[in-house]
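Undergrad: Produce the entire structure from the sequences given, and follow the hints as far as they go.
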Amino acid sequence: MYEEPRDPFADDPDHAEALAPFEPELDDDDRADLLEDLHELEMFEKVLQPQGFRGVVVDCADCDEPHYFTWGLLMANLRGLLEANCAQVHEPAFDPDPAHYVTWDYARGFCDCWLKTHGQES
37 MYEEPRDPFA DDPDHAEALA PFEPELDDDD RADLLEDLHE LEMFEKVLQP QGFRGVVVDC
97 ADCDEPHYFT WGLLMANLRG LLEANCAQVH EPAFDPDPAH YVTWDYARGF CDCWLKTHGQ
157 ES
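In terms of my numbering, the sequence shown opens at residue 37 and continues consecutively.
Treat each hint with caution, since some may be false.
Taking CB as the label site, the calculated pair distances span [to be verified]:
(1) PHE130 - THR153: 32 to 40 Å
(2) GLU39 - GLY108: 50 to 58 Å
(3) ALA97 - ASP133: 22 to 30 Å
(4) THR153 - GLY88: 13 to 21 Å
(5) PHE146 - ASP63: 28 to 36 Å
(6) GLU78 - ALA46: 46 to 54 Å
(7) THR153 - ASP100: 30 to 38 Å
(8) LEU71 - PRO44: 47 to 55 Å
(9) ASP48 - ASP100: 36 to 44 Å
(10) ARG42 - VAL94: 41 to 49 Å
(11) THR153 - ARG67: 28 to 36 Å
(12) GLU72 - GLY108: 14 to 22 Å
(13) ASP100 - GLU39: 47 to 55 Å
(14) ARG144 - GLU40: 53 to 61 Å
Simulated from the structure, these hints should not be mistaken for laboratory data. Ideal placement from N, C-alpha and C gives every residue a C-beta, glycine not left out.
TA: This is how it looks when you write it as structure tokens:
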């Protein structure tokens, strides 16, 4: 009978906890900012989804690629940060149509204008 070679790391202690990223607790200002972002996202979805927009595009400084996030995914990430101080793991959008996504600033400006024309203030 053939026997597999012994794992050379079998007796090493597990140091995985030392590799885990440090997540500082949210302070009151961070929490207030996240709640404000969540409120804005809810408004963006309410106003922009009927116009055919699915979410927000963010230019990533790390990889120089745009990242497309649906309204629901972003809201779930913000809620995760608020509740557990960590964002959910998620798959990137598959072959997104850039025409269905807007920048955060565009969404904010569009919604501000929409609120003013519909007799509401933000």
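Undergrad: Could you tell me which of the hints above the structure violates, numbers in ascending order?
TA: Structure breaks no hint.
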